[in-house]
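Could you build all of it, start to finish, from the sequences and the hints given here?
Protein chains in written order, with my numbering: chain G, 1411 to 1555; chain Y, 40 to 267.
These are computed hints drawn from the structure, not numbers from a lab. Possibly wrong hints are sitting among the right ones.
On the chain Y side, residues computed to face chain G include the following (Cβ under 8 Å) [claimed, not checked]: (1) N44; (2) V51; (3) G81; (4) D82; (5) V84; (6) F95; (7) F96; (8) F98; (9) P100; (10) Q114; (11) R133; (12) G134.
A few chain G residues that don't get close to chain Y, going by computed Cβ distances all over 12 Å [what the hints assert, rightly or not]: (13) H1480; (14) R1483; (15) R1484; (16) Q1523.
Derived Cβ-Cβ restraints for the label pairs, each shown as a range [as the list claims (entries may be wrong)]: (17) E213(Y) - G1473(G): 48 to 54 Å; (18) E147(Y) - G1515(G): 51 to 57 Å; (19) T1494(G) - N186(Y): 14 to 20 Å; (20) K1527(G) - T90(Y): 43 to 49 Å; (21) F1478(G) - L86(Y): 18 to 24 Å; (22) R154(Y) - T1472(G): 30 to 36 Å; (23) R1484(G) - R154(Y): 38 to 44 Å; (24) R1520(G) - L196(Y): 48 to 54 Å.
We treat Cβ as the ideally placed atom computed from N, Cα and C, and that holds for glycine.
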Amino acid sequence: MSGVLQDYRDRSELSFCALLEESGLVLSWKATPDQWQVDELGALAAGAYGSIQALSRRAGETGFEGCFQHGNRRSLHLYSVPPTFLLLSIFDSGIAPGVVRLYAGEASQRLQQYLRKLTEPSGAPEGCLRSGDLSWDEVEKPVSR
Amino acid sequence: MALLNHENREVVFKVVYCGPGLSGKTTNLNYIYSCIDAGQRGDLVSLSTSTDRTIFFDFLPINAVILNGYSTKFQLYTVPGQVMYNATRQLVLRGADGIVFVADSQSELLEENVRSFQNMEQNIAWNHGALDRIPMVLQYNKRDLLNAAPVQHLEYLLNRRAQRVTSYEAVASEGYNVFATLNAISQLVLHRFYQVIGVGEDQEGSRVEEALSPVAQARTGGATAMAG
Ligand SMILES: Nc1nc2c(ncn2[C@@H]2O[C@H](COP(=O)(O)OP(=O)(O)O)[C@@H](O)[C@H]2O)c(=O)[nH]1
Ligand SMILES: [Mg+2]
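See below:
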């Protein structure tokens, strides 16, 4: 999962990208050395994505892939990773949105494969998500130092 | 939905403060924010109008403690109480691991509390299925006001399901029982998490205590004794 994001970030030359759940929880992220308040970005991105999706539904749209904000300095892109995740990308406004969109689509496809494993019954227990390739035994046992 | 992040070795939980408009949800978060060390929390984000009413949510991330090498984090949200913001309430409730219902104790507002509670139940049904499956704590706020209804009355209206939940009398504006409420919901959320991942009851007990001591220690000033 981390590799997919890194690859996506490198190819699209993003300043920041994160995979999050629609609840706002950030599963994984990659960034330039800048300081980013990741939790905060997650909460705001999920809120914005959910709002635009709900608006578009009320406007009669049936499908929803995401949305884009063109900035002077940096632009934002939110892209769906079905069934319940999304990809947040932040990038310099000089970068063509089409490129980001293209690579976001690819990354979304690849991430869906990982996420299916995480959310299927044999993956994480019900009501819980896990990020990375952690085995549950590892959590249950106290970590010895 | 709790998130276990292997990369950063952390477990993250989402706790949502619900309740009617002006019941004191934002006041709870402000108080928590003001008591916890900057190193133990992030910034408080408020999406509010110029008149200070929450229009989308308030958001405050806090760190609890290292559990088995994993740091536990709680993300606290409030929802806007006003009727017209139902769509955003539904969004904020997505993936909630725990709920604090902040009721306004004023006698004149009893009906509003009930309506808000029912609305929350519907929104949870829309998101998850059933309220019974999400840990919840009730907070009867504004106990300092002369027109506060008797607690038994509030209990009767809001806490008579088969599975009764813990409730606290609070004065959020003075910090009274704000941390007691937060500790209670955090414990329930962790308890549920351990049930889900299948950790035994006795093992779990000590860990929950351990997890919450920093939050408890973060209480400064104000009366914070547990209710009841
Ligand atoms: N008297 C009294 N006022 C309170 C208490 N808690 C909150 N308030 C006040 O109630 C008003 C609304 O609080 P707020 O937190 O913004 O409500 P929210 O809409 O639930 O977020 C504010 O003026 C608070 O100062 C309390 O315990 N007692
Ligand atoms: Mg508010």
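So, going through the hints one by one against the coordinates:
no.	hint	result
1	N44	5 Å, holds
2	V51	6 Å, holds
3	G81	6 Å, holds
4	D82	7 Å, holds
5	V84	6 Å, holds
6	F95	6 Å, holds
7	F96	7 Å, holds
8	F98	4 Å, holds
9	P100	4 Å, holds
10	Q114	6 Å, holds
11	R133	5 Å, holds
12	G134	2 Å, holds
13	H1480	22 Å, holds
14	R1483	21 Å, holds
15	R1484	19 Å, holds
16	Q1523	18 Å, holds
17	E213(Y) - G1473(G): 48 to 54 Å	50 Å, holds
18	E147(Y) - G1515(G): 51 to 57 Å	54 Å, holds
19	T1494(G) - N186(Y): 14 to 20 Å	44 Å, violated
20	K1527(G) - T90(Y): 43 to 49 Å	47 Å, holds
21	F1478(G) - L86(Y): 18 to 24 Å	21 Å, holds
22	R154(Y) - T1472(G): 30 to 36 Å	32 Å, holds
23	R1484(G) - R154(Y): 38 to 44 Å	42 Å, holds
24	R1520(G) - L196(Y): 48 to 54 Å	51 Å, holds
Violated hint: 19 only; the structure is consistent with all others.
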